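Undergrad: Below are the chains, spelled out letter by letter.
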Amino acid sequence: MVWRFIIETNGRKKLNGKMQVLEKQQIMTGSQKLIEEKKTIIEARDVNVFYGHFQALKGINLTIKENSVTAFIGPSGCGKSTFLRCFNRMNDYIDEFCLDGEILIDNNKIYWNKIVVEELRKEVGMVFQKPNPFPKTIFENVAYGLKIHGIKDKTYIEEQVVKSLKDVALWDEVKDDLKKSALALSGGQQQRLCIARTLAVEPKIILMDEPTSALDPISTAKIEELLFDLKQKYTIVIVTHNMQQAARISDKTAFFYMGDLIEYDDTKTIFTNPKQEKTQNYITGRFG
Amino acid sequence: MTNALKNKLIDNAFKVFGIICTLFGLVILGILIFNIAEVGLTRIDWNFITSLPSRKAEKAGIYTALMGTVWILFLTAIIAFPIGVGAGIYLEEYGKKSKWANFLEINISNLAGVPSIIYGLLGLEIFVRAFNMGGSILAGSFTLALLILPIIIVSTREALKAVPSSIKDASVALGASKWQTIWNQTLPASIGGVLTGVILAISRAIGETAPLIVVGALAYVPFAPSSPMDEFTVMPIQIFNWVSRPQHEFAVNAAAAIIILLLITFMMNGVAVYYRNKWQKKIKW
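Sequence lines, in order, name chains G and A. Counting in the working numbering, the first sequence runs from 1419 upward without gaps. Counting in the working numbering, the second sequence runs from 176 upward without gaps.
If you are wondering where the hints come from, they were derived from the structure by calculation, not from laboratory data. Since the model is a prediction, treat every value here as computed from it, not as a measurement. One thing to keep in mind: the hints can contain errors.
[As the list claims (entries may be wrong)] The calculated DSBU-like cross-link candidates involving lysine-lysine, where the alpha carbons are at most 30 Å apart (straight line), are:
1) G:Lys1548 <-> A:Lys336
2) G:Lys1540 <-> A:Lys353
3) A:Lys181 <-> G:Lys1532
4) G:Lys1532 <-> G:Lys1554
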């Protein structure tokens, strides 16, 4: 009898929990559904970054959930790009770069000595500010990631190339030109190709460092559209200077200023009801 | 005179000065070629190219010297290319920031400034004597390879530097190792520049005389070399030998040989320029 009582209580507690979530869901709209319930995929614990004597990031704590879009906003030099590049260790090549604290991806400490950086970057892909396709054919651009990871199965590579190009909605535009140089594509197509190239190795996370700042509005819209689809399969972290873009595409937004994480919350909250004055000033364009 | 007019005058004056500077070298080269062509052009025929050297000027040919030059160039290229490019890649991609790399860099610049006769003496001591190669083509090639290494290293670095870092970033961000990035992206994108540097370096090696004399290239070699261990002579030494004879007929031979040597050099430079242009057209960032 005692056992049964405990089980019943537990059951009721769980039920209560679910009901609370349901209430929360009704408040939240569209893409923000259930985000708190998702699995944590990136976790930063007290991250400090130094370039020599200059401190670029000051004690950042932040968690990012799976299958969400997180936007990093803030004025130039606030550390948002630096922080983004910590997730795939692209800062390793910078002189005097020094990181203190811990970053966990899938519960692995990525700044641990024994981590294989190449394996990490396979899981955490990156798209850069300026489209940077390799000076090779379109096909080779997408296949490159697979080849460097030792995949030799030609049919698999071809399948992945087609699938990745379809995923970025580029397939219809280039299916007859796969052997042509990627440099012949337009800027927007090049950037989508760069995204396809990243998708081909099937990462879990895609980092985007101002991916549309070099593109025209139509290409930008196409890529934003793409992000909604990609979110179903990947976790996306995007740095952007475009506030409307952050508001449009992201579930969560983090505002950085002078190396501090000022505020991190649901995008809707940040843009409608920020808790910090600095955030308010920045998003209304009073500075930055 | 108004200020604008004055400025325009100075502008034009400098333009004329610049044209004169540019033409200076070209005019001298033109005079040289004209002079030599006048003396030697009629002497060139198939016999001149395929004949062995002789004490009689009209029977003498450049066959042994030409073959010696071809052998030397071929082996020098084979030796200098991998070593020079390898060193260039190391300095540019791997050892960029260390004090050790800095030290190496300064000394490679120093090497480029060492007079070629010193390389000859070095080659004599190391390759001819210590490695017991004798006055062979191999010893000569190693010596010349040493001589042109700094040029290849510097031009390789320049070519690698011209590859935008965004390409390397993209490769690395996909999980490529450093070597994968160099092999698959940086080198293919810069190979035109690298090869141009190598060809120019080798076309410089064609004209080198002093180090080869020291190493033991002979003025008179009765037969064309058939293996890397044979003794040899090269075109510049043959020319020097003919010029130093008193008879006028040998001077004609020398002029004819100079024309052929120049032709080879121009051809190699032409190939280098062709590839550079082709490469520049192909890749626009």
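Undergrad: Now tell me, hint by hint, if it's right for this structure.
TA: Hints and how they fare:
1. G:Lys1548 <-> A:Lys336: Roughly 19 Å between the alpha carbons, so the hint for G:Lys1548 and A:Lys336 holds.
2. G:Lys1540 <-> A:Lys353: Holds, because 15 Å separates the two Cα atoms, which is no more than 30 Å.
3. A:Lys181 <-> G:Lys1532: Distance of about 70 Å is beyond 30 Å: violated.
4. G:Lys1532 <-> G:Lys1554: Between G:Lys1532 and G:Lys1554 the Cα gap is close to 34 Å, so the pair fails against 30 Å, i.e. violated.
Taken one by one, the earlier hints fail for this structure at numbers 3, 4, listed in ascending order.
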